[in-house]
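For the protein sequence lines, the chains are B and L, in the order given.
Each step along the first sequence adds one to the number in our numbering, with nothing skipped, and position 150 is 150.
Each step along the second sequence adds one to the number in our numbering, with nothing skipped, and position 65 is 65.
Because the hints were derived from the structure by calculation, they are not lab data.
All values derive from a computational prediction rather than experimental measurement.
Hints may contain errors.
Claimed, not checked - Below, in silico cross-link-like pairs of lysine to aspartate or glutamate (DMTMM-like), each with a Cα-Cα straight-line distance of 25 Å or less:
no.	chain 1	residue 1	chain 2	residue 2
1	B	Lys-16	B	Asp-287
2	L	Lys-315	L	Glu-45
3	L	Lys-226	B	Asp-287
4	B	Lys-284	B	Glu-12
5	B	Lys-265	L	Glu-135
6	B	Lys-200	L	Glu-157
7	L	Lys-273	B	Asp-309
8	L	Lys-273	B	Glu-12
9	B	Lys-65	B	Glu-36
10	B	Lys-265	L	Glu-241
11	B	Lys-265	L	Glu-157
12	B	Lys-265	B	Asp-322
13	L	Lys-273	B	Asp-287
14	B	Lys-284	B	Asp-264
15	L	Lys-273	B	Asp-19
16	B	Lys-147	L	Asp-280
17	B	Lys-327	B	Asp-309
18	B	Lys-265	L	Asp-202
19	B	Lys-200	L	Glu-45
20	B	Lys-200	L	Asp-202
21	B	Lys-16	L	Asp-280
22	B	Lys-265	L	Asp-280
23	B	Lys-265	L	Glu-45
24	B	Lys-200	B	Glu-12
25	B	Lys-80	B	Asp-19
As a plain string of letters, each chain reads:
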Amino acid sequence: MPDFLLDVQGLETQFKTPDGIIHAVNGVSFNLKEGETLGVVGESGCGKSVTMLSMLGLIATPPGKIVAGEAFFFGHDLFKMTKEEIRHVRGAQIAMIFQDPMTSLNPVLTIGYQLEEPLILHLGMTKNQAQARAAELLSIVGIPNAKDRLNDYPHQYSGGMRQRVMIAMALSCSPQILIADEPTTALDVTIQAQIMDLVKRLRSELGMAIIWITHDLGVVAGLAQRVLVMYGGLIIEEAPVNDLFANPSHPYTIGLIGSLPRVDKNERHRLYSIEGQPPALYQKPQDCSFAPRCQQALERCWQENPALDLVADGHRVACWVDVKTGKPR
Amino acid sequence: MPNNDVLLKVEDLKMHFPIYRGVFQRQVGAVHAVDGISFHVMRGETLGLVGESGCGKSTAARSILQLYKPTAGRVFFNDVNLIALKREEMRGMRREMQMIFQDPYASLNPRMTVGDIIGEPLIVHRIAAGKEIQERVAHLLEVVGLNPGFAGRYPHEFSGGQRQRIGVARALALQPALIICDEPISALDVSIQAQVVNLLEDLQEQFNLTYLFIAHDLSMVRHISKRVAVMYLGVIMELAERDDLYLEPLHPYTQALLSAIPIPDPIADANRKRVILEGDVPSPIDPPSGCRFRTRCPIAEPMCAESRPDFREIKPNHFAACHKVV
Chain B
1 MPDFLLDVQG LETQFKTPDG IIHAVNGVSF NLKEGETLGV VGESGCGKSV
51 TMLSMLGLIA TPPGKIVAGE AFFFGHDLFK MTKEEIRHVR GAQIAMIFQD
101 PMTSLNPVLT IGYQLEEPLI LHLGMTKNQA QARAAELLSI VGIPNAKDRL
151 NDYPHQYSGG MRQRVMIAMA LSCSPQILIA DEPTTALDVT IQAQIMDLVK
201 RLRSELGMAI IWITHDLGVV AGLAQRVLVM YGGLIIEEAP VNDLFANPSH
251 PYTIGLIGSL PRVDKNERHR LYSIEGQPPA LYQKPQDCSF APRCQQALER
301 CWQENPALDL VADGHRVACW VDVKTGKPR
Chain L
1 MPNNDVLLKV EDLKMHFPIY RGVFQRQVGA VHAVDGISFH VMRGETLGLV
51 GESGCGKSTA ARSILQLYKP TAGRVFFNDV NLIALKREEM RGMRREMQMI
101 FQDPYASLNP RMTVGDIIGE PLIVHRIAAG KEIQERVAHL LEVVGLNPGF
151 AGRYPHEFSG GQRQRIGVAR ALALQPALII CDEPISALDV SIQAQVVNLL
201 EDLQEQFNLT YLFIAHDLSM VRHISKRVAV MYLGVIMELA ERDDLYLEPL
251 HPYTQALLSA IPIPDPIADA NRKRVILEGD VPSPIDPPSG CRFRTRCPIA
301 EPMCAESRPD FREIKPNHFA ACHKVV
């Protein structure tokens, strides 16, 4: 038995566009332990979704291309699998749910049909078995009158219920890993709270590992055990969740936390804002891609790209600067 | 200008959208998008209007600006009832009230240069002509933190945050007294949101602007507003000074809403009490009788279905519409 459920090493993904090559992911390495919830945080275009899609062979090629890296799932490299093999892993062992529950469901097929399909395909159930299991799954994710609602179409469900259906679908083959790509971003906060509550309950009941991608640090704080912060197609900080919020050690992470107003705090100060914009990624970063927006950047930051370095137990940071002193690390 | 006068006053505003069906296109019902809301905004203050999608907050904004013709109610701007105005008169009034939209990708015409977008209101309202327009545009770009040399560029050349700055510059062009910000930051990335909010705060100070700030992000609303109104299914459930509302929410919906917001601090997040609401928001076509919130309310009683609770002043300047709050 390998140490990690999932072990990704040096993943690089590029996209060919008319304007040039976009270096979306530039050498990402991380792992996932059994039963662990890993949060992946970053803004649009930081490469968080592309990393996960690459792993599951869901990048359209062309224009996308995985140019380097390995991704071991139970000791087997996902990138070396045939289409058939990866299809078996995807859905049955690693399931993924997406941001927009409306576009992820087929509008002309019933909810029941869409739930039963993977059961018949991956688990070889008969139509009747699949139907019974589909109803069971719907009630697990908290949809009332589950059996009657199997014949409904997606438009008859609300946004929160559609996301519940997506989760039911993801759980249908009892995967070891659930990858959730911003699953609550399109939902209202009270519905987001329902979904997060549901995921926490399912996590403890089913014991699966979760990778939760989000731009919302609040969601990560409430859900994850360990967090990766991504910027410009790289992991720039990795830490256990309490440590990340107590001792953020990359200027970007600090800026991100500082730019959030707190609903629970009675304070009134100007928000910290990170000036400038994220990099366009037309070149593979040679220097630190955060340097143009960093207030603590040193000369070295413009010359060399820092690698992830251990600063505390389980806490790694890719930065030349010790943010507390402003001096080189 | 004194800072204690009422700039905008809304009284029992209703906006129902009729639904037509059948061969004869008879009206079979109505979407009760806004169903009797009242509030006022003082000159120079920021009133936050929060609620989940479909609660009617954007419809409220549009009916205040008379972009929709309200079904009932009165809207006073500087003591003038906007609903009684003729089309021409209303157009003149619009100089004083501008809007910033949510989606900086959809709200700017892709075929117009930034200079034309910002300069258009000046031409429509015959405020400037010729070279003066260019000067004003350059100045406005500078005010919102963009390079005045960008006037000749097109919207697609800008990032989301920069586009939102263009939208702000366009809104400022007519030197309005009131700006309605309809979810101005929800389409932007976290690090860019702070930039735009800081800009809005700076401009408010500089030009004594009044904001009606509509958002679903309660953390940001707490940051920017002086007073906050919470909407649910077309009605205002609670309205109070910012700190009163966040520290001592009276309405069960506000309490649930506040407790649902994730806090970016794992320790604080683990230690708080959560109220998780069951179910979804009911349809505004056939809203629940009595209190709109009763179908999801954890403390609802039979009387909540019978009569609609009054919007009462429970503590000084702290209003709530709930039978059970004393």
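Taking the hints in turn, this is what the structure says about them:
no.: 1; hint: Lys-16(B) with Asp-287(B); verdict: 22 Å, holds
no.: 2; hint: Lys-315(L) with Glu-45(L); verdict: 21 Å, holds
no.: 3; hint: Lys-226(L) with Asp-287(B); verdict: 44 Å, violated
no.: 4; hint: Lys-284(B) with Glu-12(B); verdict: 10 Å, holds
no.: 5; hint: Lys-265(B) with Glu-135(L); verdict: 43 Å, violated
no.: 6; hint: Lys-200(B) with Glu-157(L); verdict: 42 Å, violated
no.: 7; hint: Lys-273(L) with Asp-309(B); verdict: 37 Å, violated
no.: 8; hint: Lys-273(L) with Glu-12(B); verdict: 43 Å, violated
no.: 9; hint: Lys-65(B) with Glu-36(B); verdict: 29 Å, violated
no.: 10; hint: Lys-265(B) with Glu-241(L); verdict: 15 Å, holds
no.: 11; hint: Lys-265(B) with Glu-157(L); verdict: 38 Å, violated
no.: 12; hint: Lys-265(B) with Asp-322(B); verdict: 28 Å, violated
no.: 13; hint: Lys-273(L) with Asp-287(B); verdict: 45 Å, violated
no.: 14; hint: Lys-284(B) with Asp-264(B); verdict: 40 Å, violated
no.: 15; hint: Lys-273(L) with Asp-19(B); verdict: 51 Å, violated
no.: 16; hint: Lys-147(B) with Asp-280(L); verdict: 19 Å, holds
no.: 17; hint: Lys-327(B) with Asp-309(B); verdict: 16 Å, holds
no.: 18; hint: Lys-265(B) with Asp-202(L); verdict: 22 Å, holds
no.: 19; hint: Lys-200(B) with Glu-45(L); verdict: 41 Å, violated
no.: 20; hint: Lys-200(B) with Asp-202(L); verdict: 41 Å, violated
no.: 21; hint: Lys-16(B) with Asp-280(L); verdict: 43 Å, violated
no.: 22; hint: Lys-265(B) with Asp-280(L); verdict: 28 Å, violated
no.: 23; hint: Lys-265(B) with Glu-45(L); verdict: 21 Å, holds
no.: 24; hint: Lys-200(B) with Glu-12(B); verdict: 32 Å, violated
no.: 25; hint: Lys-80(B) with Asp-19(B); verdict: 30 Å, violated
Hints 3, 5, 6, 7, 8, 9, 11, 12, 13, 14, 15, 19, 20, 21, 22, 24, 25 from the earlier list are contradicted by this structure; the remaining hints agree with it.
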